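K.L.:
Model the placement of chain B on the given structure of chain A, informed by the hints.
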Amino acid sequence: MAHMVTALEKSHEEKVATDRVMFGFWVYLMTDLLMFAILFAVYAVLHGNTMGGPSDRDLFSLPLALGETLILLTSSFTCGLGMIAARLGKKNQVLVWFGLTFVLGLMFLGLEFREFAEFIHEGHTLTVNAFLSSFFALVGTHGLHITSGLIWLGVTLAFVWARGLNAHMVRKLALLSLFWHFLDIVWIFIFTIVYLRAFV
Amino acid sequence: MNQSTHDTASHSKREHGTTRSYVFGFILSLVFTAIPYYLVVNKTVTGTLLLATILGFAFLQMAVQMFYFLHLGRGPKPLYNVGFFVGTFGAILVVVVGSIFIMSHLHHNMMPAEKTMKLAEDEGIHQIHGQKTGACEGVHANHKITIRNGIVSPAFVEARLCDTLTFYKEDDVDREITFGSHPNHGTYAGETELTLHKGRGKMITLGQPGTYQFHDHLNPGTAGYFTVTP
Numbered sequence: 001m002a003h004m005v006t007a008l009e010k011s012h013e014e015k016v017a018t019d020r021v022m023f024g025f026w027v028y029l030m031t032d033l034l035m036f037a038i039l040f041a042v043y044a045v046l047h048g049n050t051m052g053g054p055s056d057r058d059l060f061s062l063p064l065a066l067g068e069t070l071i072l073l074t075s076s077f078t079c080g081l082g083m084i085a086a087r088l089g090k091k092n093q094v095l096v097w098f099g100l101t102f103v104l105g106l107m108f109l110g111l112e113f114r115e116f117a118e119f120i121h122e123g124h125t126l127t128v129n130a131f132l133s134s135f136f137a138l139v140g141t142h143g144l145h146i147t148s149g150l151i152w153l154g155v156t157l158a159f160v161w162a163r164g165l166n167a168h169m170v171r172k173l174a175l176l177s178l179f180w181h182f183l184d185i186v187w188i189f190i191f192t193i194v195y196l197r198a199f200v
Numbered sequence: 201m202n203q204s205t206h207d208t209a210s211h212s213k214r215e216h217g218t219t220r221s222y223v224f225g226f227i228l229s230l231v232f233t234a235i236p237y238y239l240v241v242n243k244t245v246t247g248t249l250l251l252a253t254i255l256g257f258a259f260l261q262m263a264v265q266m267f268y269f270l271h272l273g274r275g276p277k278p279l280y281n282v283g284f285f286v287g288t289f290g291a292i293l294v295v296v297v298g299s300i301f302i303m304s305h306l307h308h309n310m311m312p313a314e315k316t317m318k319l320a321e322d323e324g325i326h327q328i329h330g331q332k333t334g335a336c337e338g339v340h341a342n343h344k345i346t347i348r349n350g351i352v353s354p355a356f357v358e359a360r361l362c363d364t365l366t367f368y369k370e371d372d373v374d375r376e377i378t379f380g381s382h383p384n385h386g387t388y389a390g391e392t393e394l395t396l397h398k399g400r401g402k403m404i405t406l407g408q409p410g411t412y413q414f415h416d417h418l419n420p421g422t423a424g425y426f427t428v429t430p
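Read top to bottom, the protein sequences are chains A and B.
Quick note on numbering: this note's numbering labels position 96 of the first sequence as 96, and the sequence is numbered without any gaps.
Quick note on numbering: this note's numbering labels position 64 of the second sequence as 264, and the sequence is numbered without any gaps.
In short, the hints are calculated from the structure, not lab data.
Treat the hints with care, since some could be wrong.
[Unchecked claim] With a straight-line cut-off of 20 Å between C-alpha atoms, the simulated SDA-like cross-links for lysine to any residue are: (1) A/LYS172 x B/LEU272; (2) B/LYS243 x A/ARG114; (3) B/LYS243 x A/ASP56; (4) A/LYS15 x B/LEU272; (5) A/LYS172 x B/LYS243; (6) A/LYS90 x B/ARG220; (7) A/LYS15 x B/LYS243; (8) A/LYS15 x B/THR218; (9) A/LYS15 x B/ARG274; (10) B/LYS243 x A/ARG57; (11) B/LYS243 x A/LYS90; (12) A/LYS91 x A/ALA158; (13) B/LYS243 x A/VAL200; (14) B/LYS243 x A/SER61; (15) B/LYS243 x A/LEU66; (16) A/LYS90 x B/THR219; (17) A/LYS15 x B/LEU279; (18) A/LYS15 x B/VAL282; (19) A/LYS91 x B/THR218; (20) A/LYS15 x B/HIS271; (21) A/LYS15 x B/ARG220; (22) B/LYS243 x A/LEU62; (23) B/LYS243 x A/ALA158; (24) B/LYS243 x A/PHE199; (25) A/LYS90 x B/THR218; (26) A/LYS15 x B/GLY273; (27) B/LYS243 x A/ASP58; (28) A/LYS90 x B/TYR222; (29) A/LYS90 x B/HIS216; (30) B/LYS243 x A/LYS91; (31) A/LYS91 x B/VAL282.
[To be verified] Not close to chain B: a few residues of chain A, all C-beta gaps over 10 Å, as computed: (32) VAL42; (33) GLY89; (34) LEU111; (35) THR141; (36) ARG171; (37) ASP184; (38) PHE189.
Predicted, not measured: the structure shown is a model, and the values here were computed from it.
Beta carbons: idealized from backbone N, C-alpha and C, even for Gly.
Here chain A stands alone, though its shape is the one from the complex:
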């Protein structure tokens, strides 16, 4: 019984530590959200300033944006399923679900990269006008977040694969999934305000 109490106390301590770390990370996410909000405001103000160049409607492809959205949504979903598996201590399921998240994230990044490459190839670079500057700043910042998320995810998965799941690892995965869901929400607004709005 005495042993049981110690274990419970320990798990309680762990929980308090996790809650504290999660809140700290949440505060970071909110400041990040503020930064995105400013980039959104800049885009909202400047998206019409094309200096006679092609406008958003001429450049963007709606099916591509929809594809990116569906991929990111699905990756958010697999990330959530991975988190359930992590809390149940199922290492192989964690590797599968988070592995899928990683692949979907990579696909998303590939599509975004292709879009950017196409724009730049056609001469629509970020120095051409205010519209393109604000577009690349907003969507590019999100892409950089996805890139860093993928690096983080890759490293964490390697650790899970090599050392197995423990409370520390589950906490890391929880932060990671928070980050990933957050990026998904930011993307929903990029999809709506940048891509869908262009065709209204």
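P.N.:
Just chain B, lined up with the frame of chain A:
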């Protein structure tokens, strides 16, 4: 003990979600993506209503993901993270709505085109937003016209486009130089009236080709003309 384990498990489920809640959230997300996409592609509604609708779906989508994926509001009490989110959301509202409001009014309060042109010519701004304003660029010849005791000398000036013309007054009578014939005055390159002070010249840029009369509005006999060739 059993009871306690059960409590922890149900607590964990409430706080972290179940497979079912993730599936439900995912399906809702797909629906809330498909509807605005369909509306935009098929233009079922248009204009501001469509914009408001797709923005509404974005916020719905956000709410769904915050509830089913981030489990916001189901963590340990007090809900500091919810409080922090609400505060951030307020700041975002001020930044985004404020920026759009201010900038759209800035555009609205911009000077009318002809005033902009006049300003551009006066200040020698020959390019705005990469487009030529028509204002003269660089240094060109200056022509002088002196008015003394009602006599204009020379009474006729021949100049090329973009030259400058300076009026001097060397007597004590007030002079108001106007363009066109008296009393129906015209304007020349945005100028309507030049008030001359003793000892100081008034310079105008000859940015408009043609032949123009000028005279002292207070003393119509004091007159002359100039020709600007392109």
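K.L.:
Could you tell me which of the numbered hints above are not met by this structure, giving the numbers in increasing order?
P.N.:
Numbers 2, 5, 7, 11, 21, 23, 30, 31, 32, 37, 38, in rising order.
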